[in-house]
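Asker: Below, each chain spelled out in residue letters.
Protein chains: 2
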Amino acid sequence: MPGISGEKEKVCIIGSGNWGSAISKIIGKNVLAHPEFNSTVKMWVFEEYINGRKLTEIINTCHENVKYLPNIKLPSNVVACSDIIECVEDATILVFVIPHQFVKSTCEKIRGKLRDDCRAISLIKGVDVSKGGLMLISEEIREALSIDVSVLMGANVAREVALEQFCETTIGYNDPYNGEIFKKIFNTSYFRVNAVQDVSGVELCGALKNVVALAAGFVDGLKMGSNTKAAIIRIGIAEMKKFSHMFYIGIKNETFFESCGVADVVTTCYGGRHRKLAEAHVITGKSFDDLEKDMLNGQKLQGTITSKEIHQILTRNNCTEEFPLFSTVYRICYENLCPSHIIHDI
Amino acid sequence: MPGISGEKEKVCIIGSGNWGSAISKIIGKNVLAHPEFNSTVKMWVFEEYINGRKLTEIINTCHENVKYLPNIKLPSNVVACSDIIECVEDATILVFVIPHQFVKSTCEKIRGKLRDDCRAISLIKGVDVSKGGLMLISEEIREALSIDVSVLMGANVAREVALEQFCETTIGYNDPYNGEIFKKIFNTSYFRVNAVQDVSGVELCGALKNVVALAAGFVDGLKMGSNTKAAIIRIGIAEMKKFSHMFYIGIKNETFFESCGVADVVTTCYGGRHRKLAEAHVITGKSFDDLEKDMLNGQKLQGTITSKEIHQILTRNNCTEEFPLFSTVYRICYENLCPSHIIHDI
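Quick note, the sequences are listed as chains A and B, same order.
Everything in the first sequence is counted per our numbering, starting at 29 for the first residue and increasing by one.
Everything in the second sequence is counted per our numbering, starting at 29 for the first residue and increasing by one.
Same shape as in the complex, but just chain A (with noise of 0.2 Å):
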């Protein structure tokens, strides 16, 4: 293993949106604080041309992302490439941030074409529903390049974290050796990492909160007071944990008070855009495909698409009964179901 070896750790970022460049801004600090580190990052970037210029060339040039992240300067490690090949072969650490959907093709790509000693760690939220039940994105990538997956979640807004803004984070990993390694890699003063052996419940925390985001949107778009809320945040927390619990072994109660838990829960049911669109559905009576087109351009939910997952597992398994919450936000999603039922059947 390169650390063990004496040889350097050698960091690639396959992505380079919003969150991917935010996150590669710690990245390029980090690898030159420790020595076990190479001090160039590898950065994939999906070419693009903005003004006739190609997207790589400004990142290298002038160190900004200025499509995706405009106005923060990027460390002048950070290697922009649009070759995926070109930056995966080298690497001994993968950190994927590239949207849900990319995932299985990008692994496709690259897979044999990866050192033995690779591991990577997914800033990817989002499940898949496969014909075997539920599929974590860890799961995908571990299952495509038969290679270590940690995973890292948290309250994290992206602008915010490249404003450096003070919060917190949540890793989790399998093997305490990567789990130490990550949290070299992106612990700052600023972003404070947490590592927690409990790979899943960290990810299934990232994933469904969207959910229950939905469900406290409801609840502001019906005018309910503060208490109504509350309590819709508690039920939401309890059916992650239940829902974790009844779908995954090994899964730890303490991972739900880590930062992608509980924070990361708060930080969705009072901010962004499911709550938004959750309330906008309420008030004006219109679909989610209208209001994504009205007021996401187009853009997709990750969280009424998450919903609609849970509830296939749930239904296949015959307990939707006992996650009221989790099934009333399906159907009020999709079944045209009144929102005011998000108090009266959970």
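Each hint should be verified, as a subset may be incorrect.
Put simply, identical chains are the same to the list, so a pair is met inside one copy or across any two.
With a cut-off of at most 16 Å between alpha-carbon atoms, the simulated EDC-like pairs for lysine to aspartate or glutamate come out as follows [claimed, not checked]:
(1) Lys270 <-> Glu282
(2) Lys314 <-> Glu136
(3) Lys251 <-> Glu188
(4) Lys95 <-> Glu76
(5) Lys328 <-> Asp318
(6) Lys251 <-> Asp203
(7) Lys251 <-> Glu192
No lab work stands behind these hints: they were computed from the structure.
On a predicted model such as this, the values are computed, not experimentally measured, just so you know.
Dock chain B against the given chain A, drawing on the hints supplied.
Answerer: Same frame as chain A, but now just chain B:
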């Protein structure tokens, strides 16, 4: 014991402020729905004159507490009475819902006047510091009257409860039989009770959350983003847990997932007067004494007092450094520390 022997339980509410009146509405209805309770609920009222009429007389004829909970009808089987001995002497259940500072004098008045099978539940938030250390209100009542004392705490704004908006609450009990009885007295479709066998845990949540809300208010005043506020809330809950475990035996981690825990912390950190005054302290630079005069008609905040009491305990036990959030809140409130330390020192 009354319920067991076939004799009816007699409930007496000690207190008739905002919260006492709101809860009397629930208790009055519930005793009629369960055969084990006597249909009359006595409510002790500190006698006042409203436009020349006694408050007890107004409550008993108009069934409304015009001073503390106007425009809400109380059940006619809730009978107001200004003689505390007459109220308690045949009661089997006492519901304490008076201001913190009147607990001692009230207990002194009724000591020796109670039935042998009487027990109590406290809805009062706060802690005291005695020579021996921290003293919970339930402990004060238990010591003064030598009876079993449960507690009820949660994300419960009196007016929202009176308007029957959905919320949850937590009962902490010692004796499971009493836990069951109290659940029958308080649980309704819109006021959902969870009962846990952890009196101290539930009560500590109710007291300590106000200190966390002060920290959240400072963050708001500093105009930090949502990530930072979520981190402060999470760290606050972690210190609440740590403090509870350090000074009390038998605290259950799960209690902090109940309404008295995460839900009440969240609602107090986003609404409520602790958050508001702490924010105003940052923005105006005024002392809490002045802000209490300006914004609360001179009424004192519970949370600043609690933070001082907590600080005494931590200092005495040489562990202020293990509680950076609690300690920083204390220093901002009482030692003129610049509020930005709430970010830098934790």
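Asker: A separate judgement is required for each hint: does it hold in the structure or not?
Answerer: Against the structure, the hints come out as follows:
| no. | hint | verdict |
| --- | --- | --- |
| 1 | Lys270 <-> Glu282 | both (13 Å within a copy, 13 Å between copies) |
| 2 | Lys314 <-> Glu136 | neither (39 Å within a copy, 61 Å between copies) |
| 3 | Lys251 <-> Glu188 | between (29 Å within a copy, 12 Å between copies) |
| 4 | Lys95 <-> Glu76 | within (9 Å within a copy, 67 Å between copies) |
| 5 | Lys328 <-> Asp318 | within (10 Å within a copy, 49 Å between copies) |
| 6 | Lys251 <-> Asp203 | neither (46 Å within a copy, 39 Å between copies) |
| 7 | Lys251 <-> Glu192 | between (34 Å within a copy, 14 Å between copies) |
Consistency with the previously given hints fails for numbers 2 and 6, ordered from lowest to highest.
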